[in-house]
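Based on the provided sequences and hints, a complete structural model is requested.
There are 2 protein chains.
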Amino acid sequence: MDYSSLKRFLLLATGTFLLLLFAHFSFHLPSNPPFSRSSPFLFHSPSVNTAKPASRNHETDIVSHPLDPLTIQEINIARSILLSYSPFSSSPSSLTIHSLSLDEPDKSVVRSWKPGNSLPARKAVAVTRYKDKPYVLSIDLSTKEVVQLPVPDSGYPTMTIEDMMSAPWAPFSDKAFNATITARGVRMSDVACLPISLGWYGQTEEGRRLIKIQCYSAEGTANFYMRPIEGLTVLLDMDTKEVVEITDKGNGIPIPSSTNTDYRYAVTKNNRAAWLKAPNPISLEQPSGPSFTVSEGHQVKWAGWDFHIKADARAGIIISGLGIIDPETGTRREVMYKGFVSELFVPYMDPTNAWYFKTYMDAGEYGFGLQAMPLVPLNDCPRNAYYLDGVFVTADGKPYVRENMICLFEKYSGDIAWRHSECPITDMEIKEARPKVTLVARMSASVANYDYIVDWEFQTDGLIRMKVALSGILMVKGTSYTHTKDVPSGEDMYGTLLSENVIGVIHDHFITFRLDMDVDGPANSFARVKLTRQATASGESPRTSFLKATRHVAATEKEAQVKLALYKPEEFHVYNTEKTTRVGNPTGYKVVSAGTAASMLDPNDPPQLRGAFTNNQIWITPYNKSEEWAGGLFVYQSKGEDTLSVWADRNRPIENKDIVLWYTLGFHHVPCQEDFPIMPTVSSSFDLKPVNFFEKNPVLWLPPNQEKDLPVCTATATA
Amino acid sequence: MDYSSLKRFLLLATGTFLLLLFAHFSFHLPSNPPFSRSSPFLFHSPSVNTAKPASRNHETDIVSHPLDPLTIQEINIARSILLSYSPFSSSPSSLTIHSLSLDEPDKSVVRSWKPGNSLPARKAVAVTRYKDKPYVLSIDLSTKEVVQLPVPDSGYPTMTIEDMMSAPWAPFSDKAFNATITARGVRMSDVACLPISLGWYGQTEEGRRLIKIQCYSAEGTANFYMRPIEGLTVLLDMDTKEVVEITDKGNGIPIPSSTNTDYRYAVTKNNRAAWLKAPNPISLEQPSGPSFTVSEGHQVKWAGWDFHIKADARAGIIISGLGIIDPETGTRREVMYKGFVSELFVPYMDPTNAWYFKTYMDAGEYGFGLQAMPLVPLNDCPRNAYYLDGVFVTADGKPYVRENMICLFEKYSGDIAWRHSECPITDMEIKEARPKVTLVARMSASVANYDYIVDWEFQTDGLIRMKVALSGILMVKGTSYTHTKDVPSGEDMYGTLLSENVIGVIHDHFITFRLDMDVDGPANSFARVKLTRQATASGESPRTSFLKATRHVAATEKEAQVKLALYKPEEFHVYNTEKTTRVGNPTGYKVVSAGTAASMLDPNDPPQLRGAFTNNQIWITPYNKSEEWAGGLFVYQSKGEDTLSVWADRNRPIENKDIVLWYTLGFHHVPCQEDFPIMPTVSSSFDLKPVNFFEKNPVLWLPPNQEKDLPVCTATATA
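Going down the list, the sequences are from chains U and R.
Quick note, the first sequence lines up with residues 1 to 719 if you use full-length UniProt numbering.
Quick note, the second sequence lines up with residues 1 to 719 if you use full-length UniProt numbering.
Certain hints may be false.
DSS-like mimics (lysine-lysine), calculated; alpha carbons at most 27 angstroms apart, straight line [unchecked claim]:
hint: 1; chain 1: U; residue 1: Lys-568; chain 2: R; residue 2: Lys-467
hint: 2; chain 1: U; residue 1: Lys-568; chain 2: U; residue 2: Lys-558
hint: 3; chain 1: R; residue 1: Lys-301; chain 2: U; residue 2: Lys-277
hint: 4; chain 1: R; residue 1: Lys-277; chain 2: U; residue 2: Lys-708
hint: 5; chain 1: U; residue 1: Lys-657; chain 2: U; residue 2: Lys-530
Short derived list, chain R residues pointing at chain U, Cβ under 8 angstroms [as the list claims (entries may be wrong)]:
hint: 6; residue: Asp-140
hint: 7; residue: Lys-144
hint: 8; residue: Cys-423
hint: 9; residue: Ile-425
hint: 10; residue: Thr-426
hint: 11; residue: Ser-593
I should point out that these hints are in silico values taken from the structure, not numbers from a laboratory.
For every residue, glycine included, the Cβ atom is placed at its ideal position computed from N, Cα and C.
Structure representation (structure tokens):
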């Protein structure tokens, strides 16, 4: 594959001259020296001002924790082992490495490991394809032993970046494609195309990796997504680059105008209306530095919390070994062994030819971490943020660094941790309030048009909030309509007319978290505390009804499959079966749902079979190291044979066991004009909240803010 | 009523010596000169540092807007008119003034008023009782004309502060009460009592205002709420102070210990464990000052938004005349005429003798604004906050000032307004992100034990978030149990054992907002956009199903009564019937629900009849000036004859009309030990979100943060 010509194409296709200058900064292509940065290694102690991005020389990384990701050196070792592994050694160029990451030691080994202990054997797990045959291999980096692991019956591994970058380019050498584009009145030099996973609908030709290519005109805007060449779909063989089929149902559908589509500051600042004034500068300031420490690059400590954090090519952020110090006793208590985004499911709601297949599973198909770009200091994260990099692998096994992929910062928004004033009724002079400060770990994945912002927020009171925000750019549909009055009544646009010739198609977003809870250790159970109306016996009370809480412990997986319902309120407790509080309550954490959405698709519709992990909002499974990816290990073109739903329907016992909690956060998105040409952030979240985990309010001790402790600030000289 | 002895009692009862020094600061009793502050009037322009609380001499207040609340002078005028009004004039001491506030001019008058116009006639509306007979009077302050308005058939007005302060004191002169307390082993000097509204259960004696008094031991703690003298209930006549009945079912139930109950910093700071370290100072800083202005005390302008804000004795915060400048055209557009918390409903879920009647309606019974105490600078609101006062009225009609009742501040939490990066697929060098800054108006009401924090949050993208956070102290029940193992199986505690002898009783919170929407003016309709599964015709598509949006316009009130359901997803649009966007979409705002809870009580249970406004989460009614209080004008001992539910069941037409949106935010609260002895904040919210209101993303123009614009801060000298 020819990167320089690909770059040249993209340059033309996007019409931005910045590209030539900066294209290599965001993604180190193997063709460039990826690790040319010479900046010295910095150990970030709390006294270090961490406002600057962490600039670390990953060549010098040291492994200090069993869960530390593979270093550059380890990746190179693993790669050389793979290249000399039979059969790969006979034709190394026929080998594609789809992922190469740490093969984590067994949970029991990690849980018993203590700082100072020698590290368990370092192993890598590689997902590769050699001459079209998939391999999943565990590689011992010291003994160089390679063990073949089971391979799923259907589907393909996550696409490589090279797959995604080369596929859109392939049709350009096809005469028919050129003819079609020209027939649509678009200059080839203005064309930008996207690689779109095509799911599985029974008819997919077996035994080949296919992808659908759809194209846009980038003429006059960097936001080519708003200018679809509607109805044109190229079916491509991802490996041979053969154009299997070209479909163009878009004749007569104009390309939407580029007017008002560019969102870049360089463009908008020049035509900002006189009446629009930006707010005065406001900033989160902590000049004495953050309160958290990041040791050896991955081990975070803050306000009693400690955890291991790392970047993962598929999941994005992985949080491991989460524990918190009990304020009563000073002892550390376990909460969660491992938590991450396991899969996404994004079905669009247009059944027509060029749209029906758009049912993305972004983690398993595109790599949620691979798409996580460097965060923008001062804008993606506040000034007091600390940044972590990711180290990923190209298709030929070479390591590269994704800079500033994760940020960590303390957050204070003016909210209140707890408060009480005595009121005029008692008129006691009590006015106690405490500011709420939290720790946020953030990443943002840009899966082509869409941007997902994932926050892990840790509160001093023991609550953990998983928040997902959506921004970025809609996937829009071209139409000949320029006004709703032109739309024949009864005709379904499958969305909203956002601008002349532009339809925002209705779609859902589902983000499924895998949360391996270890509340005070692995011996956990799951209880559904059902709140139901209880009628009083006649004469028992002037009341005829009240709300009664009844605790039901789920014995098996099916008893723990939850469809939320406002009029069937429940609490969902993961609790320890051996430990209680002083007065006898089981120590637990509860899942607290906020706004969410459920999939409304037919459970037997092929996309819903593949996305069956969204059939419930909550699932509980017994711990199984091999059950990490809710849509299956191989999601690309999968048939739904290896999903959370399939595993859980085995209905295994889950009582008093090491259990895993799965939660799916959902959004229905009916686009509106405010989403054009780029969307204001929409977010939702869910919480893990301590429930009788602590003996009492764990933040009673928090001191109030006092003027003398706050920073002294002046407006900047340039203000 | 003897204030000094009441103070002495409370001093003993709470054991805090601060009280004697400061008791008068939080609530100016008529017996003190209420307005002794001499600090000069400050006009807060954006260039003024508003970190300091606003300290205004309300004697000099000038009325500059038709909706400005009554000034001290106006209250004094209204009072003198009332006192000389026949029949009151014959015995002024028999007159009780339950509320005295602005009688707002007709909506049409206010909407057509422009700055510079002369003000419409200033009128006050008084709710009074004279010789046990209620009067609702409109008083013209210039003509001195008094008009009697209709009086509800049942119920009583909101209690006066004097009612609430004197009732708990009344039983102390009763021998039987003293005997009971002594029999429970509590010293009279340690007793603190609360006035508890008793609702209505059919049996209430007619024609008298009754209240139930329950008591606590304040020995050894300021948090007497954790030490109930369980089972003791005194039924009291609020007017005669006659003890009607004493019930004590608490024999054998010990008073819980005071251990670990005090939460005040003065106490906790001395026994903080060594391993607990507060986070380093962090602060919201904007040294060049806020971007908002507050003109004439009530008119707020920020980032295109403008509205009128005032404190109200019953509702707390009232937001009026909300509009926003369209970034496309620079013209101002109406969004909402008036919004406020109309009522609360807080039923406890224990049907037994001492608990069944606890079904509070905090706004109509206690006064949500009357209970809103001064906010604590740096802790209730961040350093950059600006504070507004309230002016209220005592039972004899004298005005007093509630200082710092509302704060306004710009909020930046490190969140993102919108973003997009191009990903490795296209590898274009685009990294655009914008920080999210919002404006918050906040109050906190302490209704005895509970604290409600109400935020109105305004976003630059046109979204309005109504957020309610709960903190403060649980209303707990004494028990003889000290461990869950002592509880006989099958016995219902109606809650959770929080500590030895302390049960946190299950309860709900419902907060009902009245939102008089005027989206681009009063000609509005309400549409339910239903998202339903649509099956494809055979052969139509490889997909068998998709999600289809269908718009149903509600013609009458009943068609707009919404019970939310996750598996019946809908959007709820209030839209203008005369105005559309360029491409023909009706301009609207949608209600976006987040986490909420529904009342599960029997609809015919007396408390639910009174709280029937919680029967749906969303209601729409045609505008009616007299329909402001969802539980009725007279809520105390009401029978549910005058609620939102009764009005809306008339099923009036609401299409293409001036309509009012009602939204109820709910919480189920099953207490846990973390809520003892004071609760970490729990919050939820709902949004009003523009939907095709703007032609495109209204914050496209926002500039990114740049280092040169941010403040220069240093840790404080003492750090």
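Structure-based check of all given hints:
no.: 1; hint: Lys-568(U) x Lys-467(R); verdict: 24 angstroms, holds
no.: 2; hint: Lys-568(U) x Lys-558(U); verdict: 18 angstroms, holds
no.: 3; hint: Lys-301(R) x Lys-277(U); verdict: 12 angstroms, holds
no.: 4; hint: Lys-277(R) x Lys-708(U); verdict: 18 angstroms, holds
no.: 5; hint: Lys-657(U) x Lys-530(U); verdict: 22 angstroms, holds
no.: 6; hint: Asp-140; verdict: 30 angstroms, violated
no.: 7; hint: Lys-144; verdict: 31 angstroms, violated
no.: 8; hint: Cys-423; verdict: 4 angstroms, holds
no.: 9; hint: Ile-425; verdict: 5 angstroms, holds
no.: 10; hint: Thr-426; verdict: 6 angstroms, holds
no.: 11; hint: Ser-593; verdict: 6 angstroms, holds
In summary, the numbered hints that this structure violates are 6, 7.
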